[in-house]
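A.B. asks: Here is what each chain is made of, one letter per residue.
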Amino acid sequence: MENNNKKSSAFYSYRLNPQTKFDTQEDGEKVYLLLRSHPFTQIGWILTSIVFIILLFILNFIPQNIFNIGQIFLINLFFVIFILSYIWFHILNWYFNVGIITNKRVIDIDFYAVLYKEITNAQLGRIEDSTVKSGGYIESLFDYGSIFIQTAGTEANVEFIGVPHPSDAVQIINKLMSKKHGP
Amino acid sequence: MDLKDIAFKVIVFLFAIFYYLYTLVVSKQVKIMDKTLQDEHNGLIRFVTSLQVTFSLIILIIVLLSIFII
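Taken in sequence, the protein lines are chains A and B.
Numbering-wise, the first sequence is residues 1 to 183 according to the numbering used here.
Numbering-wise, the second sequence is residues 1 to 70 according to the numbering used here.
Check the hints yourself; a few may be wrong.
Claimed, not checked - Cut-off 20 Å, straight-line C-alpha distance, at most; resulting in silico cross-link-like pairs (SDA-like, lysine to any residue): (1) B:K9 / A:N76; (2) B:K9 / B:L60; (3) B:K31 / A:Y95; (4) B:K35 / A:T24; (5) A:K180 / A:Y32; (6) B:K35 / A:F22; (7) B:K4 / A:F73; (8) A:K117 / A:E159; (9) B:K9 / A:Q64; (10) B:K28 / A:N93; (11) B:K4 / A:I75; (12) A:K180 / A:D27; (13) B:K35 / A:P18; (14) B:K31 / A:I119; (15) A:K104 / A:G28; (16) B:K4 / A:N68; (17) A:K117 / B:Y22; (18) A:K117 / B:Q29; (19) B:K31 / A:F89; (20) B:K4 / B:F15; (21) A:K21 / B:H41; (22) B:K35 / A:V31; (23) B:K31 / A:V114; (24) B:K35 / A:A113; (25) B:K28 / A:A113; (26) B:K28 / A:V114; (27) A:K21 / B:L44; (28) A:K117 / A:N93; (29) B:K28 / A:L84.
I should point out that these hints are in silico values taken from the structure, not numbers from a laboratory.
Let's have the full structure, built from the sequences with the hints guiding it.
C.D. replies: Shown next as structure tokens:
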């Protein structure tokens, strides 16, 4: 794993040998790779936040005599609170939705809208196939895409959507699998 | 005080209450997420979340003061 050409990059969305721990970690289980969505996939809410900020400025320049100064201050305060909460909510969503590759298994930790938790994992020995899907100008330019890991039997499949350097991540999974099974 | 001012104060009060409850829920969820995944910046995440709860409480107190005292 040490010879992998990609080091930690893209704002902590691709981290090799991180000091990360998770609650279902077993004894002797070592985390090799931590994956988060590529920062470019977050562009939607970042642009929306910028639009909200611009809207706030525009609203303040429109002359109106419905509210007094104190009320205008409170409206502005709540608008700012709303924008900051919106940004923070999406940062939390991005930070805690991760894919983890260890020497024993592949784990997908998802928190939907911060409130719902879903953890899917696949033992390396049970993985049958791993597929990388990356296409389009943006994904090629920023080198990100999705990884689909198929498992044998009734075990759930694992998906990492919009992660950086997907081919390198799959290479790591394949190396770990061959270590586990032998060449 | 006219009807418009009363309506405004009620709306602001409801916003402050909902915001406070929202920050409490987020803070509880952050605790769960922090327990699930311990990474490099979890300390900062916890700090900002507790700051958000404190801030929402201050807002609620200010709104209550503006309604009942000022």
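A.B. asks: With reference to the structure, classify each hint as holding or not holding.
C.D. replies: Hints, verified against the model:
1. B:K9 / A:N76: holds (15 Å)
2. B:K9 / B:L60: holds (12 Å)
3. B:K31 / A:Y95: Holds, at roughly 14 Å.
4. B:K35 / A:T24: Between K35 (chain B) and T24 (chain A) the Cα gap is close to 10 Å, so the pair holds against 20 Å.
5. A:K180 / A:Y32: holds (14 Å)
6. B:K35 / A:F22: holds (7 Å)
7. B:K4 / A:F73: Holds. K4 (chain B) to F73 (chain A) sits at ~16 Å (cutoff 20 Å).
8. A:K117 / A:E159: With Cα atoms ~15 Å apart, K117 (chain A) and E159 (chain A) stay inside 20 Å; holds.
9. B:K9 / A:Q64: holds (19 Å)
10. B:K28 / A:N93: holds (14 Å)
11. B:K4 / A:I75: holds (14 Å)
12. A:K180 / A:D27: Status holds; Cα separation ~17 Å.
13. B:K35 / A:P18: Distance ~17 Å between K35 (chain B) and P18 (chain A) Cα, so the pair holds.
14. B:K31 / A:I119: Status holds; Cα separation ~16 Å.
15. A:K104 / A:G28: Satisfied, since the Cα-Cα distance of roughly 9 Å is no more than 20 Å.
16. B:K4 / A:N68: Since the Cα atoms of K4 (chain B) and N68 (chain A) sit roughly 11 Å apart, the hinted pair holds (cutoff 20 Å).
17. A:K117 / B:Y22: It holds: about 18 Å lies between the C-alpha atoms, which stays within 20 Å.
18. A:K117 / B:Q29: It holds: about 10 Å lies between the C-alpha atoms, which stays within 20 Å.
19. B:K31 / A:F89: holds (14 Å)
20. B:K4 / B:F15: holds (17 Å)
21. A:K21 / B:H41: holds (12 Å)
22. B:K35 / A:V31: Within the cut-off at roughly 16 Å; holds.
23. B:K31 / A:V114: Given that 20 Å is the threshold and the Cα spacing comes to 11 Å, the pair holds.
24. B:K35 / A:A113: holds (17 Å)
25. B:K28 / A:A113: holds (14 Å)
26. B:K28 / A:V114: holds (10 Å)
27. A:K21 / B:L44: Within the cut-off at roughly 16 Å; holds.
28. A:K117 / A:N93: holds (11 Å)
29. B:K28 / A:L84: With a Cα-Cα distance of about 18 Å, the restraint between K28 (chain B) and L84 (chain A) holds, given a limit of 20 Å.
The structure is consistent with each of the numbered hints, conforming to all of them.
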